[in-house]
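Visitor: Chains as they are written, first to last, in my numbering: chain F, 1 to 347; chain V, 1 to 506.
Since the hints were made in silico from the structure, they are not lab data. Ideal Cβ placement from N, Cα and C applies to all residues, glycine included. Take the hints with a grain of salt, since some may be wrong.
The calculated lysine-lysine pairs, modelled on DSS-like cross-linking and capped at a C-alpha distance of 30 angstroms, are [stated by the list, open to error]: (1) V:K241 / F:K279; (2) V:K139 / V:K230; (3) V:K230 / F:K252.
Not the full set, but computed from the structure, chain V residues with beta-carbon under 10 angstroms of chain F [to be verified]: (4) A25; (5) W248; (6) Y252; (7) F296.
Computed beta-carbon distance windows for the label pairs [said to hold, decoys possible]: (8) F:P201 / V:R362: 33 to 43 angstroms; (9) F:D57 / V:V391: 55 to 65 angstroms; (10) V:D373 / F:G315: 36 to 46 angstroms; (11) V:T338 / F:S112: 35 to 45 angstroms; (12) F:G38 / V:V371: 23 to 33 angstroms; (13) V:Q303 / F:D57: 29 to 39 angstroms; (14) V:K341 / F:S198: 29 to 39 angstroms; (15) V:L35 / F:D57: 35 to 45 angstroms; (16) V:P238 / F:G189: 33 to 43 angstroms; (17) F:G189 / V:L35: 49 to 59 angstroms; (18) F:E30 / V:H110: 39 to 49 angstroms; (19) F:F338 / V:L35: 14 to 24 angstroms; (20) F:G189 / V:G292: 27 to 37 angstroms.
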Amino acid sequence: MSEIPLFVFSMICYVLAFVGFCTHISLNREKFYRPSRGVAWAGVLAALAALGLRWYDAGHPPLSNMYESLVTLSTLIALTGLLFTARQPLPMLEAGTCVISILMFGVASLFSSHTRPLIPALQSYWLHLHVSLAFVGEALFAIAFILSYLYCFQKIMTGSANSSSFSSIHEKITCYFVVVGLPLAFVTGMAVLASHLSRLPAYAERWSGLVWGVIVPAVVTMLLLMILTWMYRGAVHKGVEKWLPDADSLDKLIYRAIALGYPLFTVGGLIFGMVWANKAWGRYWGWDPKETWALITFLVYSIYLHVRLARGWNGTWTACLSIAGFLVTMFTLFGVNFLISGLHSYR
Amino acid sequence: MRTIHKIFVSLKSAVILIAILTLLATLGTLVPQNLDAVDYLKNYPITGHWILSLGFDDMYRSAPFQTCLWLLSVSTLACIMTRWKNTWRKLSARVERASVREIRAYESGHLLSGRLTESWQSRFDRVRTDEDGVQIALKTSGRSSLLGGMFIHIGLLLILAGGLIGVYLSVETVIRGSKGDLVPVPPLEAVRAARDADKIARMARNIRSFSAEDPRLNPMREQIDSLHEKYKAGLASPAFKIRFNELWVENYRAQDGSDAGVKSWNSRVSFIDGDKESDSTLVMVNQPVSYGDYTFYQSSWNQFYRKVTVQVDYVGDASATAITGNDSATFPVTLELTLKKPVKPAWAPFDLVLVDFMPDFRIINDRFVSVSDELNNPAAMIVAYDESGNVAGRAWAFPEDRMSMAGHVTSMPFRFTFIDAEAEYESGMQMAHDPGKPVVWLGCLIFTLGMIMSFYVTYRELWLLVYPDGSCYIAVTGNRPAKTFAEDLTQLDSQLIAIDKEPAIS
Chain F
1 MSEIPLFVFS
11 MICYVLAFVG
21 FCTHISLNRE
31 KFYRPSRGVA
41 WAGVLAALAA
51 LGLRWYDAGH
61 PPLSNMYESL
71 VTLSTLIALT
81 GLLFTARQPL
91 PMLEAGTCVI
101 SILMFGVASL
111 FSSHTRPLIP
121 ALQSYWLHLH
131 VSLAFVGEAL
141 FAIAFILSYL
151 YCFQKIMTGS
161 ANSSSFSSIH
171 EKITCYFVVV
181 GLPLAFVTGM
191 AVLASHLSRL
201 PAYAERWSGL
211 VWGVIVPAVV
221 TMLLLMILTW
231 MYRGAVHKGV
241 EKWLPDADSL
251 DKLIYRAIAL
261 GYPLFTVGGL
271 IFGMVWANKA
281 WGRYWGWDPK
291 ETWALITFLV
301 YSIYLHVRLA
311 RGWNGTWTAC
321 LSIAGFLVTM
331 FTLFGVNFLI
341 SGLHSYR
Chain V
1 MRTIHKIFVS
11 LKSAVILIAI
21 LTLLATLGTL
31 VPQNLDAVDY
41 LKNYPITGHW
51 ILSLGFDDMY
61 RSAPFQTCLW
71 LLSVSTLACI
81 MTRWKNTWRK
91 LSARVERASV
101 REIRAYESGH
111 LLSGRLTESW
121 QSRFDRVRTD
131 EDGVQIALKT
141 SGRSSLLGGM
151 FIHIGLLLIL
161 AGGLIGVYLS
171 VETVIRGSKG
181 DLVPVPPLEA
191 VRAARDADKI
201 ARMARNIRSF
211 SAEDPRLNPM
221 REQIDSLHEK
231 YKAGLASPAF
241 KIRFNELWVE
251 NYRAQDGSDA
261 GVKSWNSRVS
271 FIDGDKESDS
281 TLVMVNQPVS
291 YGDYTFYQSS
301 WNQFYRKVTV
311 QVDYVGDASA
321 TAITGNDSAT
331 FPVTLELTLK
341 KPVKPAWAPF
351 DLVLVDFMPD
361 FRIINDRFVS
371 VSDELNNPAA
381 MIVAYDESGN
391 VAGRAWAFPE
401 DRMSMAGHVT
411 SMPFRFTFID
421 AEAEYESGMQ
431 MAHDPGKPVV
441 WLGCLIFTLG
451 MIMSFYVTYR
461 ELWLLVYPDG
471 SCYIAVTGNR
481 PAKTFAEDLT
491 QLDSQLIAID
501 KEPAIS
C-alpha cells in the first residue's frame, strides 16, 4: 500500500486547520479553535501512519534521502507545534506550523518518493539516533522561528497603534524586513530554484510541482493575508492582542523552544554525528560542508543563548538571531545538498 | 595583565570569537579547499592572492582559524574559572548571601496564607537569622543544574583540546589491496613523515607557482626527500602487515532477481606481526577493526581489471619495426595480458606491456578517462618495448564493433581486439590513529551531561521568611519563568500552614 494518499490527506487537514485557525483569530470565534486543533491532530496522525507505512515497506526509517527527510521533518514540526501549545493555546503559532509543514511537503515533491535500499554507510542504528534527534531539535527551532516571526509581526501591529513600540528606526526596519521581506525572499528563492531545476534533465518532470505545489499557493495565500490584514487591520490588531501573548512572554517562549531544541540538535546532529562518522569513515570530524554547516547552526544558536542568558538581551534582536538560526538550519538541511557537494549529499 | 584577563573573561569577546569562527567556517565551505595555487589565481583573479596569503585555501588549518580556536579555548578556560567562583558560592553559601530584600523581590512569592506550622524547620535545608532578627530558611532542589554551565564549558574545552591534539598528532591514510595481497603498514613515525612531506610539497607547489627561483624551495626539497626516506624506511621495516584474505560484495536483490544496489562491502583480513598471524577478521562499513596503533575502516571499494584477453591480428608493416621470422598464417592468436607485466610472445620481436585498461572509456577534455567500473566501453593500451627498453610501438585495443577507432592509434604491425577482462575487487581501507579521540569523547560526554543539567533540570529555591512579629513570607525562584513555580508556591504554602489541632509557633 502506498503512503502517498495518507500524506495527501494530512496536507488537506493542515490546510483546513490553517483556515480554521485564521478564522478563529480574525473573527474572534472561540468555537473554531478546538475543531481546528482536532483537524491538525488528524493530519499529524495520518502523516505518522504514512511514515510508519513507509518504514515498514522500505525496512528502514524514513530518513535516508531528501524526500523522506522533508516529509519526516514536516510531520515533526506539525507534531511539535501541537505539543508545544498543549497547555497554552497559541492559534497563530499553530497556523504557522501548518504553513511550514505544507511548504516542506511541497518542496519534498521535488524529489523522488521511491523507496530505495540503504547504501552501506547508512546501515547503522546511528542513522535513527543521529537524524531523528537532530530533526526533533530542528522542529523546535522551527517553532522558535515562527514565534520570532510573530514577535516582529506583533511589534508592527502594536507599532501602528503606539509609536513607542519601536526603540529605534533600525528596529522598525528590521521588523518590516522580517515580516514582509522573508515571505518575499522565500517565494523569490523558490522561483529561482524552479527556474534552475527546469534546466536540469533530472528534474524535468518534477520542477513544475514546486511551482504549483509551493510557489503559487504561497503567493496566493501571502497576497490574500496581506490584503486582508491591511483591510481589516483593526480586527487583526484586536486578534493579535487577544491571541498572542505580550512581547515579553513571546520572547520567553522563543527562548523555551530554543532551550529545548538546542541540546537535542547538539547531541543528535553534532555529537551522535561525530560518533557515527568515526565508525563509518575513521574520523569524527572532516570539515565536510554538511558537518561544517551543522556546526555553524550550533554556533548561531550558541550566540543566541550567550547574549540572552548572560547579557540579558531580549526582544527584536534576539528574535532576529533565532530567525537567522532557522535559516541556517534550513540551509544545512537543504541548501548544502544542492549547492555544495560532500559526503552527506543524499538526494 | 588585568586588561587581558578582562578581555578573555568578557562575554562580549566570547560572542565576537564565536561570530568570527562562524564566519570563517562559512567561508571555508564557500571557497574550494586544498586546490593548487594556480587554480585559485585562475578561478579567482581578484581574491586569489588574498585566499592564498591568508591560508584560506586550507581554511581549517589556517592561522586565522587556528588562532580563533586557541583564543576561544583560552576564553572558555577563563569563563570556567570565573564561573566556578560564582557557582561555588551559590552551592555552598546561598543562605548566607541572601537578603530579605532580594527574596521579597522575587516575582513568585506572597505572605503565608495561615499560621506557620511548628515543624517548619524540618522542611528546609538551612536556616539563618539576619541582623534584624528575620529567620531566612531555604530548601533547594535540582542543584546539579547550577553545575550545568560549568560542565558545558569544561566539555567544550576538552573537545577543543582533543581536536588540537588530533591536528598535530593524528595520521590518516588509505591502504588498498585485492585478494591475497600482503600490504605493509608502516609505523606511526613513518606515516607522520609522509603526511608532513605532503604538506610541505603542497606549500612548495604554491611557492613555485609564484616564483620558481624562490630560495625557500631548495631547503623544502631537502626536507621532503628526508621525510620520504623516513617513510620508505618505515615501509621496509613495517609495524605489521595486513593480508587481504577475502573480499566480496553483497547486493540487494530486486523482486525480479536483478541487482538493486550494493548492500555491503566486506573484507576479511588478518594482521601479521613478525611470526604471529592474527585470526581472520571481518571489516565492513560501520564495523571498523583496531590493530596495533591503528584502526581500519572499510572506506572504499573498487572493481578493477588486472587480466585482459585480446585477439591479435597481423596487419603487416605499419610504421614500427617489421615482424620477422613469423608466419602471418598463425594469426589471429589469443593473448592474455596482465596489467604492467611484460609479456614476450614467440611471434613478437618485442615485449608487450598492458600499461592501462579503462572499462568505460571516454575522452573528456582531451583526457582519456574511465567513467565507471563496468565493461561498457573497454579500452586497453598496449605498449611494445624493444630489447634496449625503448618504446617500439603503441596500440589501443577495443571491442570488435569499435575497432574502427583503433586504426588511428596503432603503430605496430598488429591489431589488438579486446575479448574479455577479469574483474577483481580492490578494498580501500582508511587507516587512522588519533590520540585526541578519547579526550574528545570525554568532552562530548561532559558537554552532553552539562546540557541535560542546564536545560532540562529545574533548579528551585523555596524560601521562607519568618519575621520577629510572627508574620511569614514565602517565595519560589529558580531557573524557569516565575509562573512555572506557581504550583510549587501553592504546595509550599499548604505544607507550611498549621492544621487547626496542631500548635502554632509562638
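Visitor: If you check each hint against the structure, which ones fail?
Guide: 2, 3, 5, 8, 10, 12, 14, 16, 17, 18, 20
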